[in-house]
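There are 2 protein chains.
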Amino acid sequence: MKLIDGNAIAESIIEELAVEVGQLSGKKPVVAFIRVGDDPASVSYVRKKEKAAERIGIESRLYLLAEDVSKEELFAQIDGLNADDKVNGILIQAPLPKHIDETETFNRVLPDKDVDGFNTLNIGKLCQEDEDGFVACTPAGIVELIERSGIETEGKHVVVLGRSQIVGKPAALLMMRKALPGNATVTVCHSRTTDLPSITRQADVLIAAIGRANFVTGDMVKDGVAVIDVGINRVEDATKERGYRLVGDVEFEAVAPKSSHITPVPGGVGPMTVAMLMHNTLRAFKAAKVK
Amino acid sequence: MKLIDGNAIAESIIEELAVEVGQLSGKKPVVAFIRVGDDPASVSYVRKKEKAAERIGIESRLYLLAEDVSKEELFAQIDGLNADDKVNGILIQAPLPKHIDETETFNRVLPDKDVDGFNTLNIGKLCQEDEDGFVACTPAGIVELIERSGIETEGKHVVVLGRSQIVGKPAALLMMRKALPGNATVTVCHSRTTDLPSITRQADVLIAAIGRANFVTGDMVKDGVAVIDVGINRVEDATKERGYRLVGDVEFEAVAPKSSHITPVPGGVGPMTVAMLMHNTLRAFKAAKVK
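Line by line, the protein sequences are chains A and B.
In terms of our numbering, the numbers along the first sequence are unbroken and rise by one, the last being 563.
In terms of our numbering, the numbers along the second sequence are unbroken and rise by one, the last being 563.
Extracted from the complex, chain A is given alone in its bound form (with noise of 0.2 Å):
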């Protein structure tokens, strides 16, 4: 069993980035977060992209709006950015307060600049298979582990656990695609499939993105299959500070010898999209210097 380190994977990309961006002659990207209320994850979330964007080179520029924004005002802000040409990129942190559409709210971000995936249009590139589109941070996260883990997909059966528009759903597409990573047999289960261990026992890759904890049992896999755990799910323990801990989709102990390969959680997916969205920051930016 070899345990995916998605920290350490994550920290290469960041380098290779640092790298690249250190031989740009002349200016550097530059990255836009908008980011709506105080929510204690939002804030998290946002500050560890901003110090990836520092490390790697990247400008960033935080525009903070208040809960109660109106979708004018949230729109207008978002314009002002797609209009500037100084910035390559725009992230809008999720989740957004209710009463504002946040599909209708991604939308409204260029799809040039959309370097967080989420736009329709960068969907249906997706399905397209047209590599000029945004891959959302997650799913691209899911794949860059997989190619850097030398885990194959060519002919493999994958079997994706969820079907989200964010990961289940495009993680999928990725797989089947005319390219590696791709080129796998692809199976899509969720809430409504019937004998579901009948079907993720015949998976050479397993990726497990429903939010449950723990669901994947042991008996559920079979022997060297890979596992990539997207769930985040917290579950009580006393013996936390904080009062829980985080577990993933994947019961690890019952599944972890039975793997060639797993991620961890935390550890795996989880740095990953950081390190996506400036890998999409990066190609916006050249994307932009070639028009």
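Source of the hints: derived by calculation from the structure; they are not laboratory data.
Watch out, some of these pointers could steer you wrong.
If several chains are the same, the list does not tell them apart, and a pair holds so long as it fits within one copy or across any two.
Unchecked claim - Listed below are the simulated DSS-like cross-link pairs for lysine-lysine, each with C-alpha atoms no more than 25 Å apart in a straight line:
#, residue 1, residue 2
1, Lys370, Lys450
2, Lys561, Lys300
3, Lys494, Lys428
4, Lys494, Lys370
Remember, predicted model here, so these are calculated numbers, not experimental data.
Following the hints, position chain B against chain A.
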């Protein structure tokens, strides 16, 4: 075994659409067809679409362009139709001459008039389960055949053979969506799949769209499978005047006895595409009226 009569189902849809159009007061829906060159198959397809439109009471306009038309001329034609408020739907008959990029051309059609569902934005909407988008006519026809034949998909295992942009992938996305027909466990197989029969034998519903004559043999399916055969392949047949006959991707004689439902070729999915094009045109008309 129940034979799914695509001609009869398409006919029902056309009759339903005719009733609906007959009840419209005032102006009628308009669909524009652009045909480039005189490819006999294209001539025949466009004629079928014109006839269906006429029967329903949809006005159709045919624009014929020479095989050597420039991209600029073709795009000017599309732009004119995009700008014409009277035109609700625009269909560009494929295949286009080699000097014209099909994806770029399909994306030139306004998403709101893209009744063929080939625009990248509409593909993104399909992936996002946004029902405002247009679904391409072949996958939409597959779903309609499944629904009108009473084939259950909820919690069932749907196996899609083929990962094309215009059939396999959209059909897979439709079958996994959180709606009916849908809510299925979906596996996408293709040329790189290893041990394909072990996968296809799991199918409760098999959608074959790989374009290989009689590829799915009797031993590749389980008893009770519902089969949607999207393939239309020519095989030599000296007994036919034209020297060939049309067959699907499924070996009908061997698979039909094991099936709960099966589409014939021809007369299965084929007729549905025209009906769904008309369905999309009426939807485009109604959406334009609301605006």
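So, going through the hints one by one against the coordinates:
1. Lys370 - Lys450: between (39 Å within a copy, 22 Å between copies)
2. Lys561 - Lys300: Intra 11 Å, inter 47 Å, cutoff 25 Å: intra-copy only.
3. Lys494 - Lys428: Result: close both inside a copy and across copies, 14 Å intra and 22 Å inter.
4. Lys494 - Lys370: The answer is neither: 42 Å in one copy and 47 Å across copies each exceed 25 Å.
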